[in-house]
Amino acid sequence: MREALLEIKDLHVEVEDKHILKGLNLTIKKGEIHAIMGPNGSGKSTLCHAIMGNPKYRITGGEILFEGENITNLKVNERAKKGIFLSFQSPEEIPGITVDNFIRTSSTIVTGQNMTMLQFAKEMQKMLELLDMSAEYRTRYLNVGFSGGEKKKTEVLQMAFLKPKLVMLDEIDSGLDIDALKVVAETIKKLKTEDMAILVVTHYNRILNYLEPDVISVLMDGKIVKEGDKELARVLEEKGYDFVRNGA
Amino acid sequence: MLKRIPWEEIQKPAYKEYNAVEIKDVEQEGISVERIDANILKNFTTDKAYGIDPKLTEEVEKHYNAGFYIKISSGKEIKKPVVFDYIANLQNDLLLDYNVIEVEPYSKVTVVFDYNSGEKGFKNGITRLIAKEGSTVNIVKIQRLGDDFSDFDNCLVEVGEKATVNWSNVVIGAHISAFDVSVYLSEEGGSFTAKSVFLGVDSQKYDMSYKVYHYAPKTTSSVDLKGALKGSAKATFIGNIDIKKGAKKAKAEENETVLLLDKTVRSIAIPALYCAEEDVQANHSASAGQLDENKLYYVMSRGFSLEEARLLMVQAVLNPVIDLIPYDPIREIILRGHIGRRIIK
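Chains A and B are the protein sequences, given in the same order.
Residue numbers 1 to 248, in UniProt numbering, belong to the letters of the first sequence in order.
Residue numbers 1 to 345, in UniProt numbering, belong to the letters of the second sequence in order.
The hints are simulated quantities; they were obtained by calculation from the structure and are not laboratory data.
Keep in mind the model is a prediction, meaning the values are calculated, not measured.
Check each hint, because a few of them may be wrong.
What the hints assert, rightly or not - DSS-like mimics (lysine-lysine), calculated; alpha carbons at most 30 Å apart, straight line:
| # | chain 1 | residue 1 | chain 2 | residue 2 |
| --- | --- | --- | --- | --- |
| 1 | A | K165 | A | K75 |
| 2 | A | K56 | A | K75 |
| 3 | A | K182 | B | K295 |
| 4 | A | K223 | B | K295 |
| 5 | B | K295 | A | K75 |
| 6 | B | K295 | A | K82 |
| 7 | A | K56 | A | K82 |
| 8 | A | K189 | A | K122 |
| 9 | A | K18 | B | K295 |
| 10 | A | K9 | A | K230 |
| 11 | B | K263 | A | K75 |
| 12 | B | K295 | A | K56 |
| 13 | B | K3 | B | K234 |
| 14 | A | K190 | B | K295 |
| 15 | A | K81 | B | K295 |
| 16 | B | K295 | A | K9 |
| 17 | A | K29 | A | K75 |
| 18 | A | K192 | B | K295 |
| 19 | B | K295 | A | K126 |
| 20 | B | K62 | B | K12 |
| 21 | B | K195 | B | K24 |
| 22 | A | K22 | B | K295 |
| 23 | B | K195 | B | K295 |
| 24 | A | K189 | B | K295 |
| 25 | A | K163 | A | K192 |
| 26 | A | K75 | A | K22 |
| 27 | A | K18 | B | K263 |
| 28 | B | K295 | A | K122 |
When you get a sec, could you build the whole thing from the sequences and use the hints?
Here it is in structure tokens:
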């Protein structure tokens with residue numbers, strides 16, 4: 001039995017005075033690929049942002065433990081340094097800061113290791129090839145003028161350099177065509193170490209066919225209402241969320 | 001006298017000589033550089049209005065103690081940027097520079113003026129640019145003087161037929177700093193583009209103005225000023241677009257964006273559009289805002305502390321212009337030194 005990486009106990013979260021998560025419990029073990037599925041508005045993205053520490057998502061009850069440590073009150077950047085990474089559903093554009101500059105600086109901050117120019121360039125080249133991106137991206141301003149798919153690939157590029165312990169993929173599949181989805185999923189699989197856990201938030205089965213989650217949790221109305229394996233995703237795809245709602 | 005400038009706060013050393021300018025890459029074919037003098041200046045009298053205040057232009061006209069006449073021969077492309085490094089120090093704390101740049105037809109040149117260093121002092125200058133038919137001229141003016149400097153820069157730009165002038169002011173130094181760039185588009189097809197940035201911290205006071213006069217048909221102008229203010233810094237931006245009768249199909253735009261890093265800063269934008277011709281396109285906009293919280297959160301999720309994230313966001317505003325500085329050493333100093341030091345204390 002692998003040890004827990006992330007434990008969420010009775011978590012209540014409010015966004016702009018709206019109660020979104022209502023006593024959510026969830027455990028993610030080291031090395032596990034864990035998918036969270038649920039209808040629109042059920043609180044999937046809220047869960048990701050609450051784990052990352054977005055101050056707009058106010059935790060009104062419960063706690064978040066990471067490697068046994070209570071991180072509920074830690075700042076966003078402190079959580080990042082502990083090894084939590086969120087691939088954003090809509091990554092922000094940062095005009096004026098190049099992809100190279102941003103990734104190099106953030107990887108130095110997060111990993112505490114200062115790569116030489118040459119090491120960085122080599123690693124970057126390798127990653128760009130994996131992600132089927134041209135070297136031209138390195139000098140472009142972060143996410144500015146990128147297509148939806150390019151933004152998602154750039155999130156994975158950042159993940160590669162930050163070497164997180166917990167990766168949250170918040171609808172990584174939106175904005176990606178079939179080919180790009182395959183490239184992204186395969187890159188993530190290559191980057192996954194034995195201990196790295198991945199939390200996949202999605203509406204669809206497509207990405208799960210590539211990532212093959214060990215556990216699937218269904219989030220509805222602010223709580224995890226069902227847990228299962230790959231088979232559960234298939235049933236959900238076939239019968240819809242009503243199947244869970246109706247207490248099957 | 002211009003009321004926006006806090007004249008009572010300005011201290012001026014007694015009149016003295018200035019001898020601390022260094023010129024780089026002037027030995028290229030097609031350039032001639034001479035020290036400015038009355039003989040040269042008598043060929044460049046003008047009745048065009050320009051400058052921050054007549055008192056300031058008059059002072060330079062009468063008492064200049066530095067400056068050059070830079071002439072680019074016809075049809076020459078000057079490959080490397082020519083850099084005038086006006087250094088301030090204890091001995092050279094009064095700089096009254098008078099520069100005239102005359103670019104003959106179909107030439108291309110980039111000239112950088114870097115006013116830097118020193119602690120306390122006074123700088124007041126005139127820069128005249130005459131860009132003749134079909135020429136392309138890039139001017140970069142960097143002001144990174146010491147914290148107790150007063151700085152004034154009065155510029156007159158005359159754009160010839162189908163000539164292109166690209167202009168950048170980078171304002172990050174001095175306690176009080178003001179510039180005026182008055183641009184005359186008097187010949188058909190002339191074009192002026194300004195991309196400028198400023199960073200004001202503590203109690204710095206900036207006053208920046210661009211006045212663009214469109215006299216001729218098919219002239220175009222674009223002024224884009226971006227900046228950030230922190231502490232109790234104050235910035236005023238005047239942007240005048242004046243399209244005269246007969247400037248048919250002129251195009252003008254103007255934009256100011258200011259990032260307000262503290263509630264105690266003050267930012268005033270006074271854009272004005274005068275238009276005596278109907279067949280034109282003119283737009284102006286000004287916006288001032290706080291840091292975008294979503295962007296800050298995104299950046300912090302990649303490990304940056306709040307302070308580091310704020311610095312990054314300021315760089316994000318300033319970089320697109322600083323990246324245009326054609327001279328690497330200065331760009332590096334500004335990016336790594338000046339900006340970082342002023343945001344993170």
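List in ascending order the numbers of the hints, as given earlier, that are violated by the structure. none
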